[in-house]
Amino acid sequence: MDDPFESQLRQLMREDASGQPSSEDDKRLERVLHRAHIHSGLFDLLKLFVSWGWVIGEGGGRGLRQAAAARRERRTSSTDLNS
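Position 65 of the sequence shown, counting from 1, maps to 46 under the numbering used here, and the rest follow consecutively.
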């Protein structure tokens, strides 16, 4: 997958070096890009877990409210039948 930011950054480094980029510049660029990809991936994972937590929390809360309402309804209907 071609990353436009990465290719633009590589192009800028080639222009700054005015000719052939050194192997040290390439290594440094690889380290920076690797670290950026790691940070981006960790942030995406964290965001995913937070979203999952919110969905589970909302679903659990609504399920508990619905279960309580169903129990009340069963209790009132069984009381009506006994009368």
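Hints are computed from structural coordinates only; laboratory data are not their basis. The C-beta atom is built at its ideal place from N, Cα and C for all residues, glycine as well. Careful: at least some of the hints might be erroneous.
[Claimed, not checked] Across the chosen pairs, the derived CB separations fall in these ranges:
hint, residue 1, residue 2, range
1, T57, V31, 31 to 41 Å
2, Q(-8), G44, 17 to 27 Å
3, R9, G44, 51 to 61 Å
4, L27, A48, 30 to 40 Å
5, R12, R46, 50 to 60 Å
6, G42, P(-15), 34 to 44 Å
| field | Hint numbers contradicted by this structure | value | Of the numbered hints given earlier, the structure breaks just one, which is hint 2.
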